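Chemist: Given chain A, work out where chain B should sit, using these hints.
Each chain, letter by letter, is given below.
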Amino acid sequence: MLEILGLLADGFTIVFQLQNLLLIIGGCALGLFIGAMPGLGSVNGVAILLPLTFLVPPTGAIIFLAAIYYGAMYGGAISSIMLGIPGASTAVATTFDGRPLAKQGLADLALTGAAFASFIGGTIAVILFTFFAPPLAHVALVFGAPEEFALMMLAFATFVGLGNDDLFKTLFSICIGLVLSAVGFDIISGEPRLVLWDIIGFMHGVNFLVLAIGIYGIGEMLWTVEEHVLGGGKSMMSEANVTVKRTITNIKLLAKTWKATIMGSFLGYFVGILPAAGATPGSLMAYGIAKQISKEPEKFGDGALEGVCAPEAANNAASTGSMLPMLTLGIPGSPTTAILLGGMVIWGLEPGPRLFVDHGDFVWGLIASLYAANVFALLINIAFIPVFIKILKTPFTILAPVIFVLCLIGGYAPTQDMHDVWLMLAFGIVGYLMRKLDYPLAPAVLAIVLGPLAEPALRQSLIISDGSFSIFFNRAYAGPIMVVALVLLFLPLLKMAYNKYQSVRS
Amino acid sequence: MVKKITLLAIAGIMATVSAPSAIAGWTPVKPVEFVVMAGKGGGADKAVRLIQSIIAENEMAPVPFTPVNKAGGSGAEALVHVNGRSGNDHTIMFTLNSFYTTPLRQPKLGVDIADFTPIARMAEDTFLLWVHSDRKDINNMADFAKAAKAKGKDWIMAGTGKNSEDNLLTDFLNGAYGLQMKYVPYKGGGKVAKELAGKNADSTVNNPSEQLGFYEAGTTKALASFTDERLPLFPNAPTFKELGEDYVYYMQRTVVGAPGMSQEATEYYQGLFKDVFNSKKWQEYRTKKSLQGDLLQGDALMSYWMKERDVHEVMLKNMGAIK
Numbered sequence: 001m002l003e004i005l006g007l008l009a010d011g012f013t014i015v016f017q018l019q020n021l022l023l024i025i026g027g028c029a030l031g032l033f034i035g036a037m038p039g040l041g042s043v044n045g046v047a048i049l050l051p052l053t054f055l056v057p058p059t060g061a062i063i064f065l066a067a068i069y070y071g072a073m074y075g076g077a078i079s080s081i082m083l084g085i086p087g088a089s090t091a092v093a094t095t096f097d098g099r100p101l102a103k104q105g106l107a108d109l110a111l112t113g114a115a116f117a118s119f120i121g122g123t124i125a126v127i128l129f130t131f132f133a134p135p136l137a138h139v140a141l142v143f144g145a146p147e148e149f150a151l152m153m154l155a156f157a158t159f160v161g162l163g164n165d166d167l168f169k170t171l172f173s174i175c176i177g178l179v180l181s182a183v184g185f186d187i188i189s190g191e192p193r194l195v196l197w198d199i200i201g202f203m204h205g206v207n208f209l210v211l212a213i214g215i216y217g218i219g220e221m222l223w224t225v226e227e228h229v230l231g232g233g234k235s236m237m238s239e240a241n242v243t244v245k246r247t248i249t250n251i252k253l254l255a256k257t258w259k260a261t262i263m264g265s266f267l268g269y270f271v272g273i274l275p276a277a278g279a280t281p282g283s284l285m286a287y288g289i290a291k292q293i294s295k296e297p298e299k300f301g302d303g304a305l306e307g308v309c310a311p312e313a314a315n316n317a318a319s320t321g322s323m324l325p326m327l328t329l330g331i332p333g334s335p336t337t338a339i340l341l342g343g344m345v346i347w348g349l350e351p352g353p354r355l356f357v358d359h360g361d362f363v364w365g366l367i368a369s370l371y372a373a374n375v376f377a378l379l380i381n382i383a384f385i386p387v388f389i390k391i392l393k394t395p396f397t398i399l400a401p402v403i404f405v406l407c408l409i410g411g412y413a414p415t416q417d418m419h420d421v422w423l424m425l426a427f428g429i430v431g432y433l434m435r436k437l438d439y440p441l442a443p444a445v446l447a448i449v450l451g452p453l454a455e456p457a458l459r460q461s462l463i464i465s466d467g468s469f470s471i472f473f474n475r476a477y478a479g480p481i482m483v484v485a486l487v488l489l490f491l492p493l494l495k496m497a498y499n500k501y502q503s504v505r506s
Numbered sequence: 001m002v003k004k005i006t007l008l009a010i011a012g013i014m015a016t017v018s019a020p021s022a023i024a025g026w027t028p029v030k031p032v033e034f035v036v037m038a039g040k041g042g043g044a045d046k047a048v049r050l051i052q053s054i055i056a057e058n059e060m061a062p063v064p065f066t067p068v069n070k071a072g073g074s075g076a077e078a079l080v081h082v083n084g085r086s087g088n089d090h091t092i093m094f095t096l097n098s099f100y101t102t103p104l105r106q107p108k109l110g111v112d113i114a115d116f117t118p119i120a121r122m123a124e125d126t127f128l129l130w131v132h133s134d135r136k137d138i139n140n141m142a143d144f145a146k147a148a149k150a151k152g153k154d155w156i157m158a159g160t161g162k163n164s165e166d167n168l169l170t171d172f173l174n175g176a177y178g179l180q181m182k183y184v185p186y187k188g189g190g191k192v193a194k195e196l197a198g199k200n201a202d203s204t205v206n207n208p209s210e211q212l213g214f215y216e217a218g219t220t221k222a223l224a225s226f227t228d229e230r231l232p233l234f235p236n237a238p239t240f241k242e243l244g245e246d247y248v249y250y251m252q253r254t255v256v257g258a259p260g261m262s263q264e265a266t267e268y269y270q271g272l273f274k275d276v277f278n279s280k281k282w283q284e285y286r287t288k289k290s291l292q293g294d295l296l297q298g299d300a301l302m303s304y305w306m307k308e309r310d311v312h313e314v315m316l317k318n319m320g321a322i323k
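Sequences listed follow chains A and B, in order. Note that this note's numbering numbers the first sequence so that position 288 is 288, with each residue one more than the last. Note that this note's numbering numbers the second sequence so that position 174 is 174, with each residue one more than the last.
For the record, the hints were derived by calculation from the structure and aren't laboratory data. The structure displayed is predicted, hence computed values, not measured ones. Some clues are possibly wrong.
[As the list claims (entries may be wrong)] Within a straight-line C-alpha distance of at most 25 Å, the following computed SDA-like cross-link-like pairs (lysine to any residue) qualify:
| id | chain 1 | residue 1 | chain 2 | residue 2 |
| --- | --- | --- | --- | --- |
| 1 | B | LYS108 | A | ARG246 |
| 2 | A | LYS169 | A | ALA497 |
| 3 | B | LYS280 | B | ARG230 |
| 4 | B | LYS30 | B | ARG230 |
| 5 | B | LYS149 | A | LEU462 |
| 6 | B | LYS191 | A | ASP302 |
| 7 | B | LYS30 | B | VAL68 |
| 8 | A | LYS169 | A | ILE429 |
| 9 | B | LYS199 | A | GLY467 |
| 10 | B | LYS191 | A | HIS138 |
| 11 | A | LYS390 | A | LEU494 |
| 12 | B | LYS162 | A | MET418 |
| 13 | B | LYS162 | A | ILE464 |
| 14 | A | LYS245 | A | VAL387 |
| 15 | B | LYS149 | A | LEU52 |
| 16 | A | LYS259 | A | VAL484 |
| 17 | B | LYS191 | A | LEU128 |
| 18 | B | LYS317 | A | ILE463 |
| 19 | B | LYS108 | A | VAL179 |
| 20 | B | LYS274 | A | SER189 |
| 21 | A | LYS256 | A | ASP302 |
| 22 | B | LYS191 | A | PRO134 |
| 23 | B | LYS281 | A | LEU52 |
| 24 | A | LYS295 | A | ILE251 |
| 25 | B | LYS187 | A | ALA476 |
| 26 | B | LYS274 | B | PRO31 |
| 27 | B | LYS191 | B | ASP134 |
| 28 | B | LYS162 | A | ILE463 |
| 29 | A | LYS259 | A | LEU489 |
| 30 | B | LYS153 | A | VAL179 |
| 31 | B | LYS274 | A | HIS138 |
| 32 | B | LYS108 | B | GLU124 |
| 33 | B | LYS30 | A | LEU55 |
This is chain B alone, in the form it adopts within the complex:
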């Protein structure tokens, strides 16, 4: 009996908690499946778990958001899964640039990203060129080019997966500076950072968030940045634009809804993620990890995707990864 009363009391409290938001329009009625296009512990996964805690801490939603990692096939598994949840209002996904490249490289999946519901671009991650701090002879791009050229194909660039973002950037560097760096793929940016710090690799093109620990410890240093403007955290690393190479590259960190999501649900998630974007914790995270890119939503986000997809198609063709 006592148990029953307690249960009723809990149910009552929960009803009153969720009631006010229910007046404001559509709200999720069951836990929201938050698919992550990458494995547990990577950059995207960390961001999702941060978002999950921001939503829970500030009681922004009446239901929990449950991260589900589907990393298989460079995110192909996640894309197919969410594509199959067409018309579902309780499935959203956190994506990276594999959102463009995976459907391009695997047309058999039958996924068209134009079908997905644009919710919010939360940030764009940046890339820098890193070397070990013990390389006293390398302090700028000219030094780098000289040292890498001297070592020829024994210069090892560590990155995450063949034909990944890191591979695109390596190809650019090889082409622009006449180098023959050897690209060695590892699993995850953390591992890549470690290979550089342990001197098993000569350079990396990691995101700041992946290399930050070693940078702060003075083990690795940044030479140049693949951004439009210099990053506040790394004021001494010039952009490739300044160095005369017209090359910028970013990694999106974006929340996507299942195809055919209802208008009401779309508006709800757009409002929710706007609040998350503006929360103190997310802004702190952006500053700390040197993230760029403003909040993009709705049609603006869709046209950004279409533009980026075209850019990636050209890049993949140049690499010979697709025809």
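The shape of chain A in the complex, shown without the other chains:
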């Protein structure tokens, strides 16, 4: 323990060098912007800036890139809440309730909530990182395909077992997401599959952001246009103001969400440390569970503050968590850390179990910088909230085209393929119609994120076990997770049966 504190103190002496402090502040600010721009998530931001990092020593470089990664987690919430367009894949879950809050004139509450939840999530995660890195790395290591699949089942179960949505519509939505996630390429057989109409663009599959920006960004636009034109409403605008009094009320309201925030922090962190999962599934799962444990689950989707705080805490915690397998095992915990790993190659460092021993400065400098990055990102974010609120007061006729252009950029940026822009527009229209027919959209988004993780895990497990499903139940970690998942999954059916029984009896 004392030894760790000593190492951490060494880390802080590195962080408090002027150049590194400036790199953290600059990185956080830049990340905030990158995260807030639809389509320009942390993956792109880090990838674009990576080749320039030879200008500073490796420790400075990783601190800078980690600050961008981190800032982007905060920034993603901004456009999710204000415009209803997920700024980054990690902030999709924030759209579910952040946007309704903004429509109710509570954008300041949602933004403050997102910022504080991010801060708490990030801080809890970095503390866990500091003290429990080696044992957690071990958990990540023994987590094989059956465990991964059990975890994915748990994520699906949290969404299905919510109860208050129409069960069959939820399942339908999940199935649509799963089919879309299967498009393109089959990892197991190595063959292309479901390349719809032999269009080359489908070979890289359906990018998750294309779906999310389509149904939330474009769909939301169509929805608002309808309200605006037919209803003469002012729904795109926000009545929010920033006053001292309001801020105090907001903080009081936020204090009530502590349970969701703390849950999101721990969950996000643990999902983050598992290789290949990352912040997006982490935040979606946190949203699902926050709804499960909430006293007012029916408010979710219509502006529940917990629905903003839980995923925001989780995505920041997960981004810190995903650095653990990167540093200790040399495998990425998220797409962004995959790029950071590439950076370590450029700087001549060998990520993996030896890194903590051979390059202690680098590792502890990075960990200490995460503490600092959290503080700076929170301060920058809070300072800008009044500016964001001002932007929201722009007349709808000006804001709408800007949002539309942002959506187009967001659809194009990840793959740089026009095919995806057309696809996004199509999803926008379909999403709008599904919303009209009262189909929940969040499960489809969840499915397209988790599908590509769940499917290979399932098939790998079954290859190992020669097709026997017992492999999910007779392993130390997979078994309990799977049992909980199944119970949650069948909860609505049991409830239905019970209600029927009651009504028959009476």
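Modeler: Relative to chain A, chain B alone:
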């Protein structure tokens, strides 16, 4: 006004910087699209980002090189994309062995690699057979064969994708040593290395770069190498040739130009990548990752491709992956 002057000054500086190289012949006039036949974060992607930083750091080119990942369909997406950029002087691609196997397995793509412009083979990556260091009973190939045979089809070999390089090597081992190892495909060499270190798999045939971290930590050990000679980093791992099996296998790391690239542009890129190849950073990377294979360019590279394509065609036929 001040802004305008600054802009002019910047433009002026940029013009003088790029001017000298312009005298030497053709140079790119807009950012070069550097297509990667694999996803972000994999071995090929890391190499591309290293090359990108070498070019930027040493100011070897007047324009930036922008990596674009097109991993879809085992690189089919990248191949079709670059094939469609015929006659384009600003599109190059970083390839692996899927450069041979993907067009063979997916003839519908209409891609003939003989049309592509050979620029430079930057290295050949190597393969070794790995097991967990806790397997004290396995110290050489004879031990391995015995242990794997005893476990039959419960012996799990983790690799990257069905019919991939790892699958080819597994088939060879099964055939040569009379084994029935079960091949389980995972996404990416890093994941494969982790499965072995976490004991969810019994063995892998990873590249050194993928397994290096765990090797250095003493978690996994190399038993034998699929190379012509022993690798300097792993002097205790004999080659399969030494063990009496005539089997070597390498993975190319090569820069390819779009079909029909102009002669001037081809010469420019060949010169550029020769400089990158000779740079200190690339040479260090080669040593560290145990990469083999000399620089190959132009016609020599083309005939290497044709030879390798034939070899892969035979392999895929033997596996039953193609007719």
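Chemist: Take the hints in turn and mark each one as holding or not.
Modeler: Hint check:
Taking the CA atoms of B/LYS108 and A/ARG246, the gap is about 63 Å. The hint is violated against a cut of 25 Å. The straight-line distance between the Cα atoms of A/LYS169 and A/ALA497 is roughly 19 Å, inside the 25 Å bound, and the hint therefore holds. Of the supplied pair hints, the one linking B/LYS280 and B/ARG230 holds, its CA atoms being roughly 24 Å apart against a limit of 25 Å. Simply put, B/LYS30 and B/ARG230 have alpha-carbon atoms about 44 Å apart, too far for the 25 Å limit, and the pair is violated.
Taking the CA atoms of B/LYS149 and A/LEU462, the gap is near 22 Å; set against the 25 Å cutoff, the hint holds. Distance hint between B/LYS191 and A/ASP302 is unfulfilled; the C-alpha atoms sit about 40 Å from each other, more than 25 Å. Taking the CA atoms of B/LYS30 and B/VAL68, the gap is near 15 Å; set against the 25 Å cutoff, the hint holds. Among the hinted pairs, A/LYS169 with A/ILE429 is consistent with the structure: their alpha-carbon atoms are about 18 Å apart, no more than 25 Å.
Under the criterion of a C-alpha separation no larger than 25 Å, the hint pairing B/LYS199 with A/GLY467 is consistent with the structure, at around 20 Å. Annotation: proposed proximity of B/LYS191 to A/HIS138 holds, straight-line Cα distance about 15 Å (limit 25 Å). Proximity of A/LYS390 to A/LEU494 is assessed by CA-CA distance (about 49 Å); at most 25 Å being required, the pair is judged violated. Using a Cα cut-off of 25 Å, the hinted pair B/LYS162 and A/MET418 is violated, with the two alpha carbons roughly 30 Å apart.
Taken as a hint, the B/LYS162 and A/ILE464 pair is honoured in the structure, with Cα atoms around 14 Å apart against an allowance of 25 Å. Of the pairs offered as hints, the one joining A/LYS245 and A/VAL387 holds, with about 18 Å between alpha carbons and a cut-off of 25 Å not exceeded. Distance restraint check for B/LYS149 and A/LEU52: the Cα-Cα separation of roughly 51 Å exceeds the 25 Å cut-off, and the hinted pair is therefore not satisfied. For the given pair, A/LYS259 sits about 20 Å from A/VAL484 by alpha-carbon distance, which is consistent with the 25 Å threshold.
Between B/LYS191 and A/LEU128 the alpha-carbon distance is near 24 Å, which keeps this suggested pair within the 25 Å criterion. For a cut-off of 25 Å, the pair hint linking B/LYS317 to A/ILE463 stands: about 24 Å separates their Cα positions. Between B/LYS108 and A/VAL179 the alpha-carbon distance is near 24 Å, which keeps this suggested pair within the 25 Å criterion. In summary, the hint linking B/LYS274 to A/SER189 is not supported, as the alpha carbons are separated by about 37 Å, beyond the 25 Å threshold.
Between A/LYS256 and A/ASP302, the direct Cα distance comes to roughly 18 Å. Compliance with the 25 Å bound is thereby established for this hinted pair. For the proposed pair B/LYS191 and A/PRO134, the alpha carbon gap of about 19 Å is at most 25 Å, so the pair holds. For the hint pairing B/LYS281 with A/LEU52, the CA-to-CA distance comes to about 15 Å; that is within 25 Å, so the pair holds. As the CA atoms of A/LYS295 and A/ILE251 are separated by approximately 20 Å, the hinted pair is consistent with the 25 Å bound.
The hinted pair formed by B/LYS187 and A/ALA476 meets the criterion: a straight-line CA distance of about 24 Å does not exceed 25 Å. Restraint check for B/LYS274 and B/PRO31: the C-alpha separation of about 20 Å stays at or below 25 Å, so the hint holds. Between B/LYS191 and B/ASP134 the CA atoms are separated by roughly 19 Å; this keeps the pair inside 25 Å, and the hint holds. Of the supplied pair hints, the one linking B/LYS162 and A/ILE463 holds, its CA atoms being roughly 12 Å apart against a limit of 25 Å.
Restraint check for A/LYS259 and A/LEU489: the C-alpha separation of about 23 Å stays at or below 25 Å, so the hint holds. Restraint check for B/LYS153 and A/VAL179: not satisfied, since their Cα atoms lie roughly 32 Å apart, outside the 25 Å limit. Note on B/LYS274 and A/HIS138: the hinted pairing is violated, with a Cα-Cα distance of about 43 Å set against a maximum of 25 Å. A threshold of 25 Å between alpha carbons decides the hint, and for B/LYS108 with B/GLU124 the separation of about 28 Å lies outside it, so the pair is violated.
As the CA atoms of B/LYS30 and A/LEU55 are separated by approximately 24 Å, the hinted pair is consistent with the 25 Å bound.
Hint compliance for this structure: hints 1, 4, 6, 11, 12, 15, 20, 30, 31, 32 are not met, and every other hint is.
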